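Protein chains: 2
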Amino acid sequence: MANDSEGKQLLISSEEALHLARLDEPRLHELLAQMHVSELGELLLSCRKDEERSILLEYIPDELLGEALLELPEGMQEDLLSDFAVGEVEEMVEHLDSDDAADILQAVDKDIADEVMERLEPADRREMEQLMSHDDETAGGLMQAELFKVRSDWNVEKVLQVLRRFGKEIENLNYVYVVDSEDLLVGVLSLHALLFSQPEVVVGSLADREFPRALAGQDQEDVVRIFEKFDVLALPVVDEAGVLVGRITADDVIDVIHEEATEDMFRLAALSDHDDLAEPVGITARRRGIWLALNLLTAIAASVVIAQFEATIAKVVALAVLMPIVASMGGIAGTQTLTVIVRGIALGRVTFANARRTLIKEVSVGLVSGLSFATLIAVVASLWFPDLGIKLGAVIAAAMMVNLFAAALAGAMIPLTLQRLNIDPALASGTILTTVTDVVGFFTFLGLATIFLV
Amino acid sequence: MANDSEGKQLLISSEEALHLARLDEPRLHELLAQMHVSELGELLLSCRKDEERSILLEYIPDELLGEALLELPEGMQEDLLSDFAVGEVEEMVEHLDSDDAADILQAVDKDIADEVMERLEPADRREMEQLMSHDDETAGGLMQAELFKVRSDWNVEKVLQVLRRFGKEIENLNYVYVVDSEDLLVGVLSLHALLFSQPEVVVGSLADREFPRALAGQDQEDVVRIFEKFDVLALPVVDEAGVLVGRITADDVIDVIHEEATEDMFRLAALSDHDDLAEPVGITARRRGIWLALNLLTAIAASVVIAQFEATIAKVVALAVLMPIVASMGGIAGTQTLTVIVRGIALGRVTFANARRTLIKEVSVGLVSGLSFATLIAVVASLWFPDLGIKLGAVIAAAMMVNLFAAALAGAMIPLTLQRLNIDPALASGTILTTVTDVVGFFTFLGLATIFLV
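Residue numbers (my numbering), protein chains in the order written: chain A, 91 to 544; chain B, 91 to 544.
No lab work stands behind these hints: they were computed from the structure. Because the structure is a prediction, the values reported are computed rather than measured. Hints are not guaranteed to be accurate.
Because identical chains cannot be distinguished in the list, a pair is counted as satisfied if it fits within a single copy or across any two copies.
As the list claims (entries may be wrong) - Listed next, the in silico DSS-like pairs over lysine-lysine satisfying Cα-Cα at most 25 Å (straight line):
#	residue 1	residue 2
1	K239	K405
2	K239	K481
3	K139	K258
4	K481	K200
5	K258	K200
6	K258	K405
7	K248	K139
8	K248	K258
9	K481	K248
10	K258	K239
11	K239	K200
12	K258	K481
13	K481	K139
14	K405	K319
15	K258	K319
16	K139	K405
17	K248	K319
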């Protein structure tokens, strides 16, 4: 029996489902119809192969199929959708909200998407084209077209009438969007405020004109910050002219936050954003291999530094024993700083305005740690190799000091510089950092040893 | 001029604000009253010292003060609140929602909290005691008491009447909670559904009885998963008997998701959860120092391994040049696996049910990378040190193979085991991992070299 994310059991495991597909189709139909889309997603994800997934897809009720597919990683969606005929895609799209429909149409082959688009009603087609025209990671890419908008010169009674007639299909309808005759967004009115108002009041006068809004082209990280800042449950999206084009609900933002955090975490760990548990071993090995190859190059660079001091090491082998300590401590301290700053940038806590102060703080922490651990390692090294005594202690202390300082400087400067250049501050910064701490660590330790010990 | 998180400028910087506090108090009052609480939070955060913050606090309007304080890191909140008198805390609490009020009362000194509690109305006090009785990181700790509940035997008309009379103060009122005569939660009714119903229908028959709910004792990570799974905007919280005790809104969950992601990211990077940009250098250095000290111990352990092979290194110094490559590649590959699994556990993608399959996949990836990079490094090493030739190539290839395999195995087993033991899988796992990859890397490389090269 399979477990779902809350530790509760799924109704059936993928093995059982495939078994039923051969022996008891009606029972499988019945069981799948009882499952939640997220459970269907988990069931599909837990299959071993795409062929198994394709078999199960046939038994998922039409109205859940699209949503279940959208629970899967993008690559898998595209592979599975490549088997679908135009009619099947069309039916799936009809059951979906506009934002999900746009995602499905972007995942199927271009020809099929075009054909499905042609079969849509002209108004729906325009809406879909509008939704598909935005970059995935912008407010426009997140928004859905389903919303309830009213003219600012209507009164409360008319709004309630229209709402009763047309609002029924809109999920999570919490706000009414008030527009003028040009469709420019005037303000937002909560359902709640509407209920407390007199029937004859004009809604233009009730609407909250200060209600936050997102621009269609704005990055999804900005959208998250607006939600966080204003604690709203849905946000209207306008184009550059101020025309209302869609809305984003808080539940969509939750997915974005997870996605952004995963991206940062993965990039810091030398992983591609798309590394997925469900993808085949070969693909994962190749994705990660690129980063490992990059690390191999930088590790070789560090070894080239060590190679310059071969003669020194041959005379004092204790240096080979101790040198990884200096490099490792630099790597860890630098990663601490790097992570705090990358996360600070992502959460909007590290900004252009406080970058200098942040840098000063991190470098100060580096100096304090440098002093403490220099003292500690000097004692350890002198006790461990008593014949080299205080001189070895002084050399390793100086190297540790320099490397922890370099680690803090690099750990802060790398993400701040990348951010300044409009590159994701998490991207490759871990690899650059450890190159710095390895090279500086080995060079100062072995260099000082060559001068003072040999 | 300071910038806020969206790159827009704050109305005033902390320097300007402190300047006005000396020269033009009315103007400062006026400016601060125009700012959003999150901007006030940023302004306070950007002050250099707590003394400066305390000065600015005096000019923040009473109704924003509590919320602005809650924007700050917990340690800072407590420090600032320690200057507040009972009356001031009481006034602040009156302006806050119950969940925020409970957070403030938990941050002030126990004596003051008790006194404020005593001054509350008995009903409010019971509500507050209920809220404060739950662990911070549970559904009960997140929930607020403000919600709109109705009896299941009321009809729509009565509900709308009561709603118009009493619902006005409740923010983000999207759902009406339907309870029976014992206050047991029967189901949930959206405001939206209420509007579309006939006045005489009994709400017990309209309520969605399958609507998800959280148990007060449930971990906040579970709460996030329920929100994600069901795409709701608010969730009712019940106690063990099923009695409705509060609700959690989606905007509170957004904060939790950020918090949980930060925690995992920090723990993976050998940071404490509380590492904060705004805290003094000494405190940060101490917090991080604990982790650096742990890393120093493990780095020394790796050096002890190297020390066993001093004689070998003295004969073949090339080994000292190449050995960090083997260790470094193991560290990176292991971190890749570790990060994917820690994140997979956090997002509910790696579960008890698929743990075995995940482990097999990761180890397979380790074998594939091991083979590829073993070949690559064998060629590099043979070309670099031609006099040691193919033998050195074979030794480093074997060591690389073994270490990438060990890295995958450890990267997967460490978080899965911690999870099994109910310990946060991110905690200290990076340090344990690099200990494994360093020790295995140095031992196999130098050990094989001792057997075959010397």
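Hints and how they fare:
For a Cα distance limit of 25 Å, the shortest separation of K239 from K405 qualifies neither inside one copy, at 81 Å, nor across copies, at 81 Å. Taking the closest pair of Cα atoms, K239 and K481 never come within 25 Å of each other, the shortest separation being 78 Å inside a single copy and 76 Å across copies. For the homomeric pair K139 and K258, neither the shortest alpha-carbon distance inside one copy (40 Å) nor that between copies (54 Å) is at most 25 Å. Proximity of K481 to K200 under the C-alpha cut-off of 25 Å is found in neither arrangement, the shortest distances being 70 Å within a copy and 54 Å between copies.
Taking the shortest Cα distances, K258 and K200 never come within 25 Å of each other, neither inside one copy (33 Å) nor across copies (50 Å). With identical chains, the CA atoms of K258 and K405 are never at most 25 Å apart, being 84 Å at best within one copy and 82 Å at best between copies. Taking the shortest Cα distances, K248 and K139 never come within 25 Å of each other, neither inside one copy (54 Å) nor across copies (55 Å). For a Cα distance limit of 25 Å, the shortest separation of K248 from K258 qualifies both inside one copy, at 16 Å, and across copies, at 22 Å.
When the C-alpha separation of K481 and K248 is checked against a cutoff of 25 Å, the pair qualifies neither within a copy, at 88 Å, nor between copies, at 87 Å. Within a single copy, K258 and K239 get their C-alpha atoms as close as 13 Å, and across copies as close as 23 Å, so both meet the 25 Å cut-off. Neither within a single protomer nor between protomers do K239 and K200 lie at most 25 Å apart by alpha-carbon distance, with minima of 32 Å and 50 Å respectively. In this assembly of identical chains, the alpha carbons of K258 and K481 never lie at most 25 Å apart, being 81 Å within a copy and 76 Å across copies at closest.
In this assembly of identical chains, K481 and K139 lie within 25 Å of each other by CA distance neither inside one copy nor across copies; the values are 62 Å within and 42 Å between. Taking identical chains as interchangeable, the C-alpha atoms of K405 and K319 are never at most 25 Å apart, the minima being 62 Å within one chain and 64 Å between chains. Only between protomers do K258 and K319 lie at most 25 Å apart by alpha-carbon distance; the minimum there is 22 Å, versus 30 Å within a single protomer. In the homo-oligomer, the alpha carbons of K139 and K405 never lie at most 25 Å apart, since the shortest distance is 58 Å inside one protomer and 52 Å across protomers.
For the homomeric pair K248 and K319, neither the shortest alpha-carbon distance inside one copy (33 Å) nor that between copies (36 Å) is at most 25 Å.
Checked against the numbered hints given earlier, this structure breaks hints 1, 2, 3, 4, 5, 6, 7, 9, 11, 12, 13, 14, 16 and 17; the rest are met.
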